[in-house]
Amino acid sequence: MSRGLAETFWRNAKKKQKLLFGLAATTAVVAVAALSFGTYAMSPIHVLKSLLRMAEETRVVVVWNIRLPRIAAGLSVGAGLALAGLFIQTLLRNPLGSPSTLGISQGAAFGASCVIVLFHAGPFGTALAAFCGSLGATVLIVILGRLRGLTPEAVILAGVALSSLFGAGTVLLQVLSDETRLAMAVAWSFGDVGRSNWPQIGWLSLSVTCLAGVGYWWRWHLNALDMGEEPAKNLGISVESLRWQGLILAALVSALATAFHGVIAFVGLIAPHAARRIVGADHRFLVPVSAVLGAALLLLADTFSRLILGTGSFPVGVVTSFLGAPLFLSLLLKRRA
Amino acid sequence: MILSVLDISFHYNSHPILERVRFHVRPGEMIAVCGVNGAGKSTLLRCLNGILKPQRGSVLLDGQDLRLLGPKGIARSMASVPQKGADSELTVFEVVLLGRLPHRQWGPTRHDTLAVEKILETMDLADLAHRRFSTLSGGEAQKVLLAKALSQQPKVLLLDEPTNHLDLKNQLDVMRLVQSITRRESLAVVAAIHDLNTALRFSDRLLFLRQGRIDEVVAPGEVTAEVVRRIYGVEVQVCRIGETPVVVPL
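Residue numbers (numbering that gives the first Met the number 0), protein chains in the order written: chain P, 0 to 336; chain R, 0 to 249.
Calculated directly from the structure, the hints in this document are not laboratory data. Incorrect hints may have been included.
[Unchecked claim] The list that follows gives simulated cross-link-like pairs (lysine-lysine, DSS-like), each with its CA atoms no further than 27 Å apart:
no.: 1; chain 1: R; residue 1: Lys117; chain 2: R; residue 2: Lys52
no.: 2; chain 1: R; residue 1: Lys154; chain 2: R; residue 2: Lys52
no.: 3; chain 1: P; residue 1: Lys15; chain 2: R; residue 2: Lys117
no.: 4; chain 1: R; residue 1: Lys117; chain 2: P; residue 2: Lys13
no.: 5; chain 1: P; residue 1: Lys14; chain 2: R; residue 2: Lys117
no.: 6; chain 1: R; residue 1: Lys83; chain 2: R; residue 2: Lys71
no.: 7; chain 1: R; residue 1: Lys83; chain 2: R; residue 2: Lys154
no.: 8; chain 1: R; residue 1: Lys52; chain 2: R; residue 2: Lys83
no.: 9; chain 1: R; residue 1: Lys117; chain 2: R; residue 2: Lys83
[Unchecked claim] Where chain P lies over chain R, by a calculated footprint (3+ residues, C-beta under 8 Å):
no.: 10; region: 81–92
no.: 11; region: 196–205
no.: 12; region: 215–226
[As the list claims (entries may be wrong)] The following label-pair restraints were derived from C-beta to C-beta distances:
no.: 13; chain 1: R; residue 1: Trp105; chain 2: P; residue 2: Leu328; range: 35 to 41 Å
no.: 14; chain 1: P; residue 1: Ile277; chain 2: R; residue 2: Thr121; range: 43 to 49 Å
no.: 15; chain 1: R; residue 1: Leu67; chain 2: P; residue 2: Pro198; range: 47 to 53 Å
no.: 16; chain 1: P; residue 1: Ala182; chain 2: R; residue 2: Thr108; range: 56 to 62 Å
no.: 17; chain 1: R; residue 1: Tyr11; chain 2: P; residue 2: Glu239; range: 56 to 62 Å
no.: 18; chain 1: R; residue 1: Asp214; chain 2: P; residue 2: Thr208; range: 57 to 63 Å
no.: 19; chain 1: R; residue 1: Ser133; chain 2: P; residue 2: Pro122; range: 44 to 50 Å
no.: 20; chain 1: P; residue 1: Glu239; chain 2: R; residue 2: Thr108; range: 26 to 32 Å
Note that this is a predicted model, so its numbers are computed, not measured. Ideal Cβ placement from N, Cα and C applies to all residues, glycine included.
Sequences are here, hints too, so could you generate the full structure?
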């Protein structure tokens, strides 16, 4: 006699879909609310009018030139880092995987510090060098992994070693620089979504959308990899090819996010773990929920830094680190319990 | 579907692991691969399912070379059950549904989920369907991995020491299940088995590997103390309980 197991499977999927839409809608509401908060307070009605360019000029400028780019950047960086973290964790089968663990973020910081200290570069040159630094770290990891046939665990260890190397290089450059350059390099290294412009947000959003699309396209392959590398191969999946294509895509998104906004720690690590606690390990839901949670997390952290700390320019990277570490520890402890 | 293994040799860094291994498995037959640790049992299974590429020889499925089938083609005809599953947070239903992956391009259909439901009910796993795989006991997990392999609708089933981490009751449960599935579905089964008595009780033939070569291929009733001494280097007595031969170390 049938117990309706298949029906329960589809019903659970519908429930998770509703949960996903609920999370996305809540994030959208928080984003609109975040548009109204700030030194120049506005009601939600004024915000909507400003978005439609029907409010007075000052409000339109505040919304379109200051708050909206910041919030859009927060959402796309958060979603991008969360997706990159999820890809790295699943493809390397390591819960500690994230753009920071692989040395991608530290590569960007090193690249940025190089051009700030040695060439007195402006914002464009800094972003370009940070991008090159991230890509350099990625290329090193990929070459080490492909040529030496490193295991996923060894890839993470290689990432930790590279992080340490880039970290030491960054400190050395800072020691050698004068006070002004030192302040600029340190300020850049604290992640901040307030320094975005619309073209940067456009490129980042495009890359995040591609990563999300690929993640959803591969959702069942990623599920298979969750059972182990050899079981996935036994299902006809080319694990090596999937792994390196996915890591390169994740690294590209992290590189763009870090190049434009500096080092923002913990989002890529926490958001996928939080998503796993909410929707389980099924990548049909884990991919979109990680993206939404990452976006929401960075949006909340940035709004917190803007409002609670009051300065309007407090770097969100510091907030994510302060909030992220205890949150991650509590997730780990709850999981053990 | 007949599985034919034709003189395969596999070397790792010029160190020979398998040398000219040749045997056939018929539908509905279970062949146990036995031998000491490092004899090449797991390597043989990996060569059979295409994960390792033998430097010489070939593996044929109903006369067709495995290399021509490609990874997905192999997965449509051949399923493997590992010693132990990873600690996945997927549910049992989702794990078994993965077995349908080689047969489809996009997401699972209603037909796929109904096939999984049927397998879970047949194997008495329905109560576990929505439990997370990581929370299962060793015996339950092994049965779920077997269910996943069956949902691939394979003609050939490869088992890598399927009872290694199980207590006596679960060893018997899993092997009885494998035996009944082998007969019912007319599967050709190759199982690497450590425990000689389990192999004697449940397999149709035993293939003894020694230093990567086939030393002997015999029916359970033909296993002698001399064969066991030669393969394992221990003195044993082979006695019988009913029809089943039993090996007792001296």
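*Structure versus earlier hints - violations, ascending order*: 1, 11, 12, 14, 17
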